[in-house]
Each structure stands twice: as C-alpha cells, then as structure tokens.
Amino acid sequence: MNEKVFTAQSLTKTYLAGEVAVHALRGVDLDISAGEMVVLLGPSGSGKSTLLNIMGGLDRASSGRLFFKNSELTSLDDGRLTDYRRRHVGFVFQFYNLIPSLTAFENVALVTEIADDPMRPDEALALVGLEARMHHFPAELSGGEQQRVAIARAIAKRPEVLLCDEPTGALDSKTGILVIEALLGVNRQLGTTTLIITHNASIQDVADRVLFFADGQISRIRKNEVRRAAAELTW
Amino acid sequence: MGVLDRKLFRDLRRLWAQALAIALVIGGGVATLILAAGSYRSLDETRRAYYERYRFTDIFAVVRRAPKALVDQVAEIPGVAAVDARIARLALLDIPDFAAPATGHVMSLPDIGEPALNLLYMRLGRTPEPGRADEVVVNDTFAKAHGFAPGSRFSAILNGRKRELTIVGTALSPEFIYAVGPGDIMPDDRRFAVIWMSETALAGAYDLEGAFSSISVKLLRNASEREVMTRLDALLDRYGGRAAYGRKDQTSHAWIDHELDMLSNMSRTLTPIFLLVSAFLMNLTLSRLVALEREQIGVMKALGYRNGAIVLHYLKFAIVIAAVGVAIGSAAGTWLGAHVTRLFGDYFHFPFLVFAKSPDLYVIAAVLSFAAAAIGALRALREVVKLAPAVAMQPPAPPRFRRLLPARFSLDRLVSQPIIMMLRNVTRHPIRASFTVLGIAAATAILIVSLFLSATMEHLIDVTYFMADRQDATVSFVEKRPRDVVLQMARLPGVLAAEPYREVPVRIRNGSIERRIIIIGRPRDADLNRIIDIDLRPVVLPETGLAISSILAHILGVKLGDSVEVDLLEGVRRTLSLPVTALVEDYFGIRGMMDAEALARLMREAPVITSASLSFDQNQREAFYAAIKAMPAVSGLGLHSTSLANFRESMALFITTMASIYTGLAAVIAFGVVYNSARISLSERARELASLRVLGFTRGEVLWILLLELALLTLVAQPPGWAMGYGLAWIMKTKLAGELMRVRLIVESSTYVLASTIIIAAAVFSALIVRARVYRLDLVSVLKTRD
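Which chain is which? The protein sequence lines are A and B, in order.
Residue 138 in the numbering used here sits at position 138 of the first sequence; the count goes up by one each step and never skips.
Take the position in the second sequence, starting the count at 1, then add 235; the result is the number in the numbering used here.
Just chain A, with the same shape it has in the complex (with noise of 0.2 Å):
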C-alpha cells in the first residue's frame, strides 16, 4: 500500500447557519493514499464539502484530528494552514472562482507567482488543453474552459493533493468529460492524489474508491477492481 496522505479519526463539524446549528459532520474516519482517485458521493447536505473544505485547511473540525502526511491539520493556526494549502493543495469549485479580470493565463500566474516550484501557466493550460485561449478572459470562456482553467491554476504548483468540489456540476456532458479527462490526466501523468465531489453517480466509475456520504458520516466505501477511462462514461 502507498503512503497515507489523509488520516481522518473521529472528524465532527457543527456550525450556525443563521440560527440554526447544522451538524454537517458527524464523526468520520479515513484514510487517503497517495495517488489516489477519490469520488466522494452524497446528497446536498451530507458533509460532502465540509470534509472536503476542512482537508484543503478551508475550514476547521469542531473536534476529531486530521493528518496531512504527518502533520496534524486539526492543530495549524491560520498562518500554518494558508501556508499548507500554498504548498500542497490545489482546489477546483464548481463555480470555477476565477478572477474575472485576470486573463486565463494569469489566472493560472496566480499561484505560480506565489508556489515553490511551479510548472508555467502555459504549460499547465497546456495539460488541460487549453493554450490556444490562454489570454482570453473568464468571460470570453465557455463554463467547460472556465473550469479547466480552474484545473490548471489548481495543478500548476504540482500539488500534492488536487480537491475538485462538483467540478462538473455547472456542465453539460460533453464538457464534464473533458474536465474529467483533464482531472485524470493530471493524476495519471502528476500522480496527485484527487478527491472529487459530485452529485453525479455515473462519474464513481473513473474512482479507485468511492465514499458515500448520508447524514454527515461514511456510510460505504466501494472499491473498483477497474477504473473506466472518461470517453467511457455517458449521463
């Protein structure tokens, strides 16, 4: 077996979400292997994102601990998880974030100006099939392209974990297979361990395993024996 990226024991979150309080995590326990494919899959409310947010250091745990590698998130100040998130973690969201007045390149420029040992904007567009529009703006861009572009700002500091909240989720087909395509593409040729939400069933099939959430808990894991390449899969 790999190396453990995650370690997740006894992880809750409870929050206010006006004047309510939601228990979105209800004790998880996991383990994260490097190089792994993760789907992560659950009705809107299952503590899909929250997990999701607490490993990229986006959010803290109410109590439990989690580890990255051997370091325990659940203890970082502010300072130490910004600078976690700006040495191994790359995010993609599903409304993509980009910067609306920075071109698809300097998107990208973004966090290479401020990563260790960065890949080029160009070449990281390049990975997501995206250099013949690298200086046009977010809004010259379909949502398919957007959001490859949030892929490639997400891997250009080569990070070690890549977390995609519903990547697909504002996409028609055709472009949620390429946005998966380039999601593999970077875990097969980067080997970047990948954890991705979605809400669509049919993507489970390109994942190692797949976590299904219900009630902010795991309630199964699924192992697949095979995983099937993206051009393979319809919804």
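No lab work stands behind these hints: they were computed from the structure.
Even glycine gets a Cβ: it sits at the ideal position worked out from N, Cα and C.
Treat the hints with care, since some could be wrong.
[What the hints assert, rightly or not] Rough simulated footprint, nothing fancy, chain B against chain A, three-plus residues with beta-carbon under 8 Å: (1) 55-67; (2) 108-119.
[What the hints assert, rightly or not] Derived, one-sided and incomplete: chain B residues facing chain A with beta-carbon distance under 8 Å: (3) G237; (4) V238; (5) R241; (6) D246; (7) R249; (8) V534; (9) A537; (10) L538; (11) Y540; (12) R541; (13) A623; (14) P624; (15) A625; (16) S850.
Using the hints, position chain B against chain A.
Same frame as chain A, now just chain B:
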C-alpha cells in the same frame, strides 16, 4: 507587474468613475490646503521681501516740531538700527475735473540721497529736484485712478497756501500698501494721495527748516519694541510728540495682516472636512468592493495567499486613488493658489510677487490624504482578514431584513412596496446611511460657509453705515479748533446738520493688557453718529465714564462697571482710571467714546474739536465741495457713500473669489458622495432590480426605486448640513474677528436655501449619470450570475 497588481489596475479601470469621484474629493482637500496656505505663504513672503528690500519701519512717531539734532539721540537708544526723520503733513487737494476734495499725505524726501527707511519703489519718472517746490512724486494708485502721468498737474493747500504741483514720478511704498485717508475705513484711490516732495521745499512751506514732524525707527533683530518706544516717547514728549506706535497699529500693515489671516483660516477650517468626507467615501466604496469580491478573496486565500498580501492588494486600491487625488489637488491647488496670489498681489499693489515654494505643503497634503484613505479603508480591510476562505466562497447568507413596525401595524396600505423596500434598505445599513447623510451634510455645510459672508457683510454695512454713522461727510481739521467752528460748518452751502467731535489718542489698559485707541468726545445729543449697543439699539451715551467697543472690553477682560486705566497721549500726559459705562457694537477698529464735556474736563481744556460730521443736500454738492476746498483748516473730507462703495468693492473681491472656488469644491463633494452611493446601491441591488424588470416594472420605476433612497438621504442630510454650516461659519467668524474688523454672524434663510439647491442639483446630476447604467442593465446576464 505582478498578477494582483494587474487585477488592481483593471479593477480601477472598471470602477474609474467611482474612483475618480473619491479622488476628486481628496483633491478638493489637497487643493484647499495648497491654495490657501500656499497663497498665504506667497503673499506673506512677498510682503516680507518688500519690507526688507524697501526698509519698512518698525516704529512710527509723530511730533509737532522737533529739531533734527534729536535724530542722533534717537539713534543712540539701545536696540535702534536706523532712524529716518522727515516732515509729514496732511493737506487738502484740488484736482482738475474732480469736484470732491481729496486729501494728500505730504512727506519730505531728502534732497541728497535716499531716505534711510521706507524707500520708494519708483514706477515711473524720477524723484523731485532738490529745492523744487512744485515737483512731486505721487503714489501709483492715485496717479492711475486719475489717469495721471509724469507731467500731470494738480494743486494742494500747504499750510494755508494753495500751490500748483507737477507730478515728476509715481511710486509704491511699503508704508502705504493699503493707503487709507483720514476719516476713511477703506482705501479710496481717487480721494487719497501720498505725495513726496523735496525736503527743502516742504520745510519752507511749513516753516520746519532744520526740524522734522515724523520719525521712523528700524529695530535691531532682538530689540524690545516696547522699551525703544518708551525711550522714544520720553525724548519726543517735549516736542509735542504723540506716543510712538509699532507695525501692529500701522493701518496698512494691520489690514494686510487681517486679509492674510482670512486666507490661512480658510485652509485650516475647510481642509479637514474634505479629508473626513474622502475617508468615509473610501470606506463605503472599498467595503462594497470587498463585499462584492468575497469569493475572489476566498479563492486567493484558498490558493494560499496570506492575509497580508490580500490586504495590501486592497490597500493599494485606496492608495492609488489617494495618489490620483493628491495629484489632481496639487495641480488645482497650485494653479488656484497662483491665481489668488496674483489677485491679492494686484489688490495690494505689490511691486513684485514672490511665489513661495512650499514642498512641505505638498508632503503634508499627501500624508493627510493617504492617512484619510487608509483610515477609510480600515473597515474593509478588517473584513478581508476576517473572511474565512470556505465561507467566502459560498454566497453570503441572504441579508436579514427587519420589519419596520410590528406586523399588526402594517404599512402596506399606507405606502407603496418600493417605499417599504427603500426604508428597509436604509435601516439595514444604518452606518452606511448615516455616512452618506454626513457626507452630503458636509457638502451643504461647506457651501454655507462659502456663501454666508455676503449676508454677514450686508449686516455689517447696515449697522456701520446706516444705523451708526449716518453722516454724509466727515471733515477732519489740520489742528484742533474751537468748538464754535462747527457753527461755521453748519452755515456752509447745502449743509443740513453738523456735529462736533474731539479725538484724543490714548493707551487703555487693564492689568497687563494694553491697547492704543482713540477716544472720541461726542455731543450728548449726537444724532448723525449714533452709538449702537450689543442688542443693536441706538443708545444715549452715559454722562460719565467711557463707552468702549465690545470687542475691546473682551480683549481687556472688563465688564460694564469695571474701571480701566487710560494714559492720555496728547496735551498734559496723565494716567486716569475711568469706569466702563457702555459697550458698543461696532465692526471696524477698537475705540472709546465719551461725552464731549466730560472729555474736555479730563483734558483740562476749553471745548475744542478735531473733526465734524455733516449731512448735506446732495443737490448742492458742488457748492459744498467748493466751500470745503476753500477752507485751509481742513485736512480731509471723508465721504460716506464713497467709503461704502469702496468697502463693497474690496469685499466683493474676496467674497466672490472665495465663494466661487469653494462652491465648486462643495459641489464636487456632493457629487462624489451621491454618485458613489448610487453606484454602490446599483451594484448591490442589480439582481433585485433586474428581477423587478423581469416582473414587469418599467425602467423608470426601477430607477425610481434605486434613487428613492438617495433622494431621501439627500433631503434628510439638509437640516444637519445647515447646523454644521452654521457651526463652521461661527468658527470662521470667530477666527476672523480681530481688532481691525469683525462681523456678527448672520446666516440668511436664503443662504440655506441656495446651499441646499446646489447640493440637490449635484445629486440630480449624479442620478442622471447612474440612470444611463440602470437603463443598460442586462437582465439575462445579471440573473445568470451567482449572487
């Protein structure tokens, strides 16, 4: 250029109109500071250079007749650097084709060389040949007022004899930058001349060979003015010397001081307001920017940008705007400052202008502006730090609105939904709403400050020229005359009434505070010159004691009934203690008044007069003027209506210039505040407004919903704006109140109305600009984007 800087640059380009509006307000503050302080320094520096190069005197004294040998003794007084003795007399002038009598201040020029002090700056021609009794140099402004050039002629009555004089040159003098004739408040270039002629000739005319009647002293750097004056007085006493006085009591110097004070006060009062307003505009705009970009901030944090880097990014936004403001303000301030300096330089007839270089002013202005911008940015920056990345990337929770009233008191039936939306919006952002109100109120206040002066001046004119001094003319005599002379005056052609006055120079003192003033002895039943008390009622002078200007009472720290010490500076020098029995509301100079009989008893003299107030029939003006010109005892004639016209003219210069500059700046503030608020509401509510359009609202209705809030805030801001304006005007008035001139604060209702009208116009103008944006609102794209 880093990627974040590129973002900054594009953000600024996108928000250029809002950024420019803020920059303009900052620029307004910078311009005010540089304009007022810069022109003050230039004019002050000009005056200093003029004084220094033309050796303006420190101490002045007048004697009846003193031997020239005394000059050496004066020079030996410790602390004296230079002495100049000359002959100086007042003389009535007769100018061809000019009916009214004019007054000349005639002074001697040494036959050999230049005077030791108060040098002349020759504009045209030359100085008189030694001994030539008909050649004179006159002050440039008098020559210009009459179109005189070297070769022009007029006549003067010197020591009772009329002489033809020929102008051989025109000149400027540091002593007469502000040339005011006897009995006048304001310079009248047509009716007052400064005349220089050969010493031998003037001594011959006044039988003053080997003697002088006026002495000027320049002090060494560290000399005590007070001590030299005391010694000088002791030397001059037996030659009929009136007490020496310093620059503070010299009319020309004191007036320029006063006007320069007005300039520098402007900058101190108004600059902080501009900076305050720009700080909260920055606050509004940047807070909004941060709120709109919370997702981007979240992403940057998610990508690993540290708080410091993101804060710096937004701080740079504020700094760039401030820098643009400083640049605009510096340019405008420099230009306006040079304009104002020239305007005042012309008005004062300075022979040259020194434009003071004030790099420190620009530095101060820049530091203050950057500080204001940074303080304004503070709240937004704190918000940036506080945003947690995960939270930042989710849309903000829908804002919580509150019902304005408990549910059972429904407003629905009383007011329309748009009005309810507007009211809820205002109550949801109470801080922002109050900042907006405060900003608009500040603009109204600045307008009131720049507009109030004219009503205040009208009040001053009303009290001074119509309630108190109601004579048509004031006749001054060369020497004191028996009181019966007034009967003679009453019989002159056209004269309807004549009242006698006696003026005695004194020093008035309470404890260590002392001032030099004139005490005017007046007839008990005086009706032409009335005394107006602080309640603006004419009052009868008490039989005993002294009535003094209320500001003098304030300076001395005395109340009605207190006693003051008075040194008589004429006749037998004595020191007396007199009770203050009335306080006088007057706006020019400081003075004392007494019953004429009581003053005569104090002076231990038979009733005498030094001037007379007259009213005359305007139809017989020519005959009256001719009669006055024929009276050798008369040294000057002050004309009431001319004085008023001159006063209006000189005030108009100051008031119109300043009012137009500051009105422009206040309009910039109003525009900046309203435009920024409108743009912010638009960006916040674009989705809401687009939804309304989809529901079938017209563009006009949607615009109305957007602007209703601003209309309300603009109107609500007016009353506090009036109050702030009144307060600022009061501060200005108080700072400007001096011994030379002061005003009672009058703010007419029309001033409030005008100020509010200008502000509302500026608001409407910004609404029109925003209208174009609302009309362009792209419904589909607004609704498609995530909130």
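Comparing the hints with the structure gives:
For the region 55-67 of chain A, the proposed coverage by chain B is satisfied: 3 residues have a C-beta within less than 8 Å of a C-beta in that chain, meeting the threshold of three. Counting residues of the region 108-119 of chain A whose C-beta lies closer than 8 Å to any C-beta of chain B gives 6; at least three are required, and the coverage claim holds. The interface hint given for G237(B) holds, since its Cβ lies 6 Å from the closest Cβ of chain A, which is under the 8 Å cut-off. The beta carbon of V238(B) is positioned within 8 Å of a beta carbon in chain A (closest approach about 5 Å), and the interface hint is therefore held.
The beta carbon of R241(B) comes within 6 Å of a beta carbon in chain A, closer than 8 Å, and the hint placing it at the interface holds. A distance limit of 8 Å between C-beta atoms decides the matter here; for D246(B) the minimum to chain A is near 6 Å, and the interface restraint holds. Against a cut-off of 8 Å between C-beta atoms, the interface hint on R249(B) holds, since the closest Cβ of chain A lies about 7 Å away. Interface hint at V534(B): satisfied, since its Cβ lies 4 Å from the closest Cβ of chain A, which is below the 8 Å cut-off.
Hint on A537(B) holds. Least Cβ distance to chain A is approximately 5 Å, under the 8 Å limit. Taking 8 Å as the C-beta contact cut-off toward chain A, the hint placing L538(B) at the interface holds, the least distance being around 5 Å. Because the smallest distance between the Cβ of Y540(B) and any Cβ of chain A comes to about 6 Å, under 8 Å, the interface hint for this residue holds. The criterion of a C-beta within 8 Å of any C-beta in chain A is met by R541(B), whose closest approach is roughly 5 Å, and the hint holds.
Taking 8 Å as the C-beta cut-off, the interface hint given for A623(B) holds, the closest approach to chain A being about 7 Å. Interface hint status for P624(B): upheld, as the beta-carbon distance to the closest one in chain A is roughly 4 Å, under 8 Å. For A625(B), the interface hint holds, the least distance from its beta-carbon to any beta-carbon of chain A being 4 Å, beneath 8 Å. Hint status for S850(B): violated, given a least beta-carbon distance of 78 Å to chain A, over 8 Å.
Of the numbered hints listed earlier, the single one contradicted by the structure is hint 16.
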